[in-house]
Amino acid sequence: MKALWIAHNTYREATRDRVLPGMVGAGVAILLVAQLATPLALGEGVRLTVDFGLSAISIVGLLTVLLIGTNMVGKELERRTIYNLLSRPISRSAYLVGKWIGLAAALWSVAAILGGALWLSLVLRGVQGHGAAVMQATYFAALELSVVTAVAVMFSSLSTPVLSALYTLGVYVVGQWSYDLRGLSEKVAPPLSTLMRWAADLAPNLPLFNMRTLAAQAQTADLAHTAIATAYALVYSGCMLCLAAAAFESKDFK
Amino acid sequence: MSGLARSPSPLRAAHGRAATAWGLALVFGILAVALARHAATSLTAPRPLEELSYYPSGEHLRAAVLGFDEVAGDLAWLRAVQYYGEHRYSDNRFLRMEKVFDILTTLAPNLLAAYEFGSFALAQEGHDFPAAERLMLKGLAANPRSGRLAFQAGFLYFVRPGGRDYRHAAEYFSQAARQADAPPEAARFAAFAGQQSGDLEMAYELWQQVARTTPNRYLKEMAERELGALRDAMAAGRPDLVVKHLPTPVVIVR
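Taken in order, these protein sequences are the chains called C and B. Going by my numbering, the residue at position 32 of the first sequence is 13; the numbering climbs one at a time, nothing skipped. Going by my numbering, the residue at position 173 of the second sequence is 428; the numbering climbs one at a time, nothing skipped.
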């Protein structure tokens, strides 16, 4: 309950921040650019719109995590509001979980708005049959952002905002290459192959959430894929939050 | 004392909570790794390269990468190699390879390895010599002073599946021999190809150049032997005397 109370406050704080409307505006602008670029796509305008629209959710979401998520704990420390909070009967882990839920909820809202805008732009163009695919791809993009938010919360509980942002960005990039690392590990000799496999295991497997190719063809992932991706997002986020809690419990605020 | 013994000190409680968090992180981490491995083996891997190949051309993609052409080219190169590897070890069909290499070389026109590898893969394994020729000529147009690429172009014609093209091979080998970065054997190859194509005068000049410039004693002897044979053939007016009959070549791309 306490975590939900903190989540509610974090959500309110994040949505009142000027960054979030700016990011939504940027996402809509990317969609508009896709419409303008359609004549250049030589008949691939729908694909371009879907690709740009879904990429916008990921890019805008990542920027939001880097600008807000990595700053969350640092800002509270700077303003000293964290002392008031933690002097109440609120556990540090509940505080971190609440922060994650709050920011993830804000990101899900952004994803829903941009996914809706993408769907609307397709409907206005008279394109039919992409609704379910866009909805599912938006869901997957939001799952991906939840995982990245958990990574950001973990780093933000350990380090300064700037370093947290850099670390989170690094993990995001490695996460995007996790499938390539796994594939390459089978083509090189040990110990490099072992190292690559470990890196692929430990980094968030973000390509699991990439549904852009399927959505552009109006196709959806099957139920097994959706279930595995959802479970993976929850489990990986849980792992990151536990690591954050372990580090945060040992932190001395005096 | 007894009260103290029953309720642990705040420090000990914090340590206990941190230990629990570490334990949970470990459990979640193991679960996440298991799920990631399961997803990598059981679900269809995303194929960003296929996605790339749907774009109308590299020119449009170049606009989309906002000036990071070379980085995008490098990433496309990695994908292209993966694409080749995947299809080589599965269905041995390279339907989109020309498009993929066209996009790649538009993004990174100076990536010589892409022209070399792409051309030979297209000609020898894709069984599409015209596509290989187009790619190689694109590379030569973008890198007109590259002796290395001109040499590879000569070699591509020299080992053309279905019948060697000595005339073009000689043309590009001699073009390569005029550049500073050409392999030392370019002049020798040009001389040999020229001789095979029936252009005895050009072959004579090139063998002379080899005999004059090579520091290798055996090569010098070989060039002088060929010069003697060419003199005899020219005197007799019989080019067939110096033309060697070679089998149709096959290049294995590794």
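Heads up, some of the hints might be wrong.
Quick partial rundown of chain B residues pointing at chain C, CB under 10 Å, derived from the structure [what the hints assert, rightly or not]:
| id | residue |
| --- | --- |
| 1 | G271 |
| 2 | F283 |
| 3 | H293 |
| 4 | A294 |
| 5 | A295 |
| 6 | R334 |
| 7 | P385 |
| 8 | A386 |
| 9 | L392 |
| 10 | K393 |
| 11 | L395 |
| 12 | N398 |
| 13 | M489 |
Examples of chain B residues toward chain C, derived with CB under 10 Å [stated by the list, open to error]:
| id | residue |
| --- | --- |
| 14 | R272 |
| 15 | A289 |
| 16 | Q337 |
| 17 | L367 |
| 18 | G402 |
| 19 | L496 |
Now the in silico label distances, taken between C-beta atoms and shown as ranges [unchecked claim]:
| id | chain 1 | residue 1 | chain 2 | residue 2 | range |
| --- | --- | --- | --- | --- | --- |
| 20 | B | G340 | C | G151 | 35 to 43 Å |
| 21 | B | P385 | C | P2 | 47 to 55 Å |
| 22 | C | D203 | B | I285 | 38 to 46 Å |
| 23 | B | A368 | C | W(-14) | 54 to 62 Å |
| 24 | C | V108 | B | P416 | 39 to 47 Å |
| 25 | C | R106 | B | Q434 | 34 to 42 Å |
| 26 | B | N347 | C | L176 | 51 to 59 Å |
| 27 | C | K(-17) | B | P265 | 17 to 25 Å |
| 28 | C | I40 | B | P385 | 21 to 29 Å |
| 29 | B | G278 | C | G107 | 37 to 45 Å |
| 30 | B | L281 | C | L105 | 32 to 40 Å |
| 31 | B | Y344 | C | D203 | 53 to 61 Å |
| 32 | B | G278 | C | R(-3) | 35 to 43 Å |
| 33 | B | P265 | C | W(-14) | 20 to 28 Å |
Treat the hints as calculated values from the structure; they're not laboratory data. Just so it is clear, CB atoms sit at the ideal spot from N, CA and C, and this is done for glycine as well.
A quick look at each hint next to the structure:
no.: 1; hint: G271; in the structure: holds (9 Å)
no.: 2; hint: F283; in the structure: holds (4 Å)
no.: 3; hint: H293; in the structure: holds (7 Å)
no.: 4; hint: A294; in the structure: holds (5 Å)
no.: 5; hint: A295; in the structure: holds (6 Å)
no.: 6; hint: R334; in the structure: holds (9 Å)
no.: 7; hint: P385; in the structure: violated (22 Å)
no.: 8; hint: A386; in the structure: violated (20 Å)
no.: 9; hint: L392; in the structure: violated (24 Å)
no.: 10; hint: K393; in the structure: violated (20 Å)
no.: 11; hint: L395; in the structure: violated (27 Å)
no.: 12; hint: N398; in the structure: violated (27 Å)
no.: 13; hint: M489; in the structure: violated (53 Å)
no.: 14; hint: R272; in the structure: holds (5 Å)
no.: 15; hint: A289; in the structure: holds (9 Å)
no.: 16; hint: Q337; in the structure: holds (7 Å)
no.: 17; hint: L367; in the structure: violated (23 Å)
no.: 18; hint: G402; in the structure: violated (31 Å)
no.: 19; hint: L496; in the structure: violated (50 Å)
no.: 20; hint: B/G340 to C/G151: 35 to 43 Å; in the structure: violated (27 Å)
no.: 21; hint: B/P385 to C/P2: 47 to 55 Å; in the structure: holds (54 Å)
no.: 22; hint: C/D203 to B/I285: 38 to 46 Å; in the structure: violated (26 Å)
no.: 23; hint: B/A368 to C/W(-14): 54 to 62 Å; in the structure: holds (58 Å)
no.: 24; hint: C/V108 to B/P416: 39 to 47 Å; in the structure: holds (44 Å)
no.: 25; hint: C/R106 to B/Q434: 34 to 42 Å; in the structure: violated (52 Å)
no.: 26; hint: B/N347 to C/L176: 51 to 59 Å; in the structure: violated (31 Å)
no.: 27; hint: C/K(-17) to B/P265: 17 to 25 Å; in the structure: holds (18 Å)
no.: 28; hint: C/I40 to B/P385: 21 to 29 Å; in the structure: violated (39 Å)
no.: 29; hint: B/G278 to C/G107: 37 to 45 Å; in the structure: violated (56 Å)
no.: 30; hint: B/L281 to C/L105: 32 to 40 Å; in the structure: violated (50 Å)
no.: 31; hint: B/Y344 to C/D203: 53 to 61 Å; in the structure: violated (25 Å)
no.: 32; hint: B/G278 to C/R(-3): 35 to 43 Å; in the structure: holds (37 Å)
no.: 33; hint: B/P265 to C/W(-14): 20 to 28 Å; in the structure: holds (23 Å)
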